[in-house]
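Asker: What follows is each chain in one-letter form.
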Amino acid sequence: MTTGRNLVIIGGGLTAHSAALAARHNGYDGKITILSEESALPYDRTPLSKGVLQGKQQPDQLGFHPEGDYSADDITVLSDTRATNVDLDARTVETSSEDRLTFDDLLIATGASPIHLTGAGFDLDGVHYLRTTDDADSLKSDLEAATSVVVIGAGFIGSEVAASARSLGKHVTLVDMAGSPMSAALHPDITAVCAAIHEDHGVTLQMNSRIDELRGGTRVEQAVLSDGSTIDCDLVVVGVGVRPNVELFADSGLEIDNGIVTDEFCRTSVPNVYAAGDVANWWHPELNQRIRIEHFDNAGSQGTFVGKVIAGAMDEPFAPIPYFWSDQYDTNIQYAGFASDDAEVVIRGNPDERSITAFYLDDGAICAAVTVNNAREFRSCRRLVAARAQIDRETLQSPDTDIRKLSREYR
Amino acid sequence: MSGNGDYIEVMPEELVEEGEMYPFDLGDEQLMLARVDGKIHALHGICTHEYAELWDGDIEDDTVWCPLHSSGFNVETGTATNMPAVVPLPVYEVKVEDGKVFVSTKPIKNDPDDR
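Chains as they are written, first to last, in this note's numbering: chain L, 9 to 419; chain V, 12 to 126.
It should be emphasised that the hints constitute simulated quantities derived from the structure, not laboratory data. All values derive from a computational prediction rather than experimental measurement. Treat the hints with caution; some may be incorrect.
[As the list claims (entries may be wrong)] Taking CB as the label site, the calculated pair distances span:
hint: 1; chain 1: L; residue 1: 410; chain 2: V; residue 2: 97; range: 29 to 35 Å
hint: 2; chain 1: L; residue 1: 223; chain 2: V; residue 2: 39; range: 50 to 56 Å
hint: 3; chain 1: L; residue 1: 108; chain 2: V; residue 2: 116; range: 56 to 62 Å
hint: 4; chain 1: V; residue 1: 39; chain 2: L; residue 2: 128; range: 52 to 58 Å
hint: 5; chain 1: V; residue 1: 30; chain 2: L; residue 2: 406; range: 20 to 26 Å
[What the hints assert, rightly or not] Covered by chain L, according to a simulated footprint, are these stretches of chain V (three or more residues, beta-carbon under 8 Å):
hint: 6; region: 60 to 70
hint: 7; region: 77 to 91
hint: 8; region: 95 to 102
Even glycine gets a Cβ: it sits at the ideal position worked out from N, Cα and C.
Extracted from the complex, chain V is given alone in its bound form:
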């Protein structure tokens, strides 16, 4: 885990419900929070296959399902687990402090800049 300092505050932790996704902006990027088994994850919010807003999709177990073509992504690792997507989703670091959710401004996995 890199934790190179920069985080943005997203929302109060108590509002993040199990099995739900919440979009937010990070600069020009659209990200989302997702809560699974109590743990909050932050991922890129746009499908890597074609433009689709993943928070309009669904979560089953540890898989985020794209609403348009049923691409699947692992919520923890961002790995594309069901085609048509093959490129993984960028994953961001999440920390909770003082009841607020903070997300790293750089991905900690699958950074498109590293590809």
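Bound-form chain L, shown alone:
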């Protein structure tokens, strides 16, 4: 029963989009307002580091709503509008356009923002971060004239930007403090393949390194590594991770710990105040721990979930199998599951051909799986993860094993 209620969503990304539609389509018949700092309607950020930088996709064609219009669902999107103050007792949100919105239900979907480096020279022209279409526009136009690019951070954004810049013919150096790219997300046996793929494409890897200083006149000309050596460059992209956007709630009384803390229904410590997406650190009832996920799939599915909760149409807790993908060059990488640091890893396929499937085993049960250039096996692997299947190493590794057929009994 939601009659007469009033939902305000702070944030204008995928989580806001999914939550607003799910609430509306599951019986929430009150007012729904999305408060977005950006000028565009909710859009897909994932192509920004890939198709958009490479000129294959246009930033204005990334909107989630197939009709580009939320009015049919009676959802109001206030674009270019920032929440400036939230009063959880008075149930009001003040905005940068000097409105005061009241709410019965509040969803915090403020997402996350890139961590900015503050060392000497990081304020020079030619230093970029990537999160929004504005960031992508600026990077893309700057990249066209650039010849030599240093990418700091070899996670998702860094690896994908390096691949895009390389595909545009730029000299690219990819720098990370870890021993190989993607190492925060993937096991070393897998990241070794990621590293080899970059090298195959002519990217210079500078691993186990950090850049503390940039030099130049008005524009960046040189990056200085921690050992004192330098790399000449005319463009730098920083992708060293994000922080959840919680500043607005610092004094709100909400529990904040690596994001806004919620239970398994995305409920915060204040009634009818919810958080979801990149900003939420939520209790996963099957993993028995809190997790905060910064990936597309979670932003969408948790948004849909919390929309149903707000509409009073969800009794089951949120307990998904975490999932992400990355596309670099013509390589597709996918991961499903949740692996502890001490999980054993079994590799099938051929690292020399840059095509592998990896299984993470937890006491013999498959708890996570990764495919690199082996997407045909991915869904099968996910089924084995969902079933926590117990399959011996030899069978998993054998080229004679048809993983698709093997997984059928778990379908």
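Got chain L sorted already, so can you dock chain V onto it with the hints?
Answerer: For chain V alone, coordinates are given in the frame of chain L:
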């Protein structure tokens, strides 16, 4: 259901196995057959999100899963049921005659020309 006459012959029905997908060409388009609970469906074979050949993906219950980014499509209606895809897949009419599968040359649902 429109059945405006034009069909192409695709393959013998007996070769279409449960839970499997089979690509075929219709002019410049790549389509596929998929068999679920005995029934044969014909759908556009390329994901509406980014280029991916859906027959390399998988079927679970009534959902076709894209191999690259896990977009989901309902096999009966073509509706995008799991993001990142939001645009539905064109669905074609299937008929079986004399042990052969025939597919309509025009979509009966989600025709891109109607959008």
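Asker: Look at each hint and say if it fits the structure.
Answerer: Comparing the hints with the structure gives:
| no. | hint | in the structure |
| --- | --- | --- |
| 1 | L:410 - V:97: 29 to 35 Å | holds, 33 Å |
| 2 | L:223 - V:39: 50 to 56 Å | holds, 53 Å |
| 3 | L:108 - V:116: 56 to 62 Å | holds, 58 Å |
| 4 | V:39 - L:128: 52 to 58 Å | holds, 56 Å |
| 5 | V:30 - L:406: 20 to 26 Å | holds, 23 Å |
| 6 | 60 to 70 | holds (count 5) |
| 7 | 77 to 91 | holds (count 4) |
| 8 | 95 to 102 | holds (count 3) |
The structure fails none of the hints (numbered hints given earlier).
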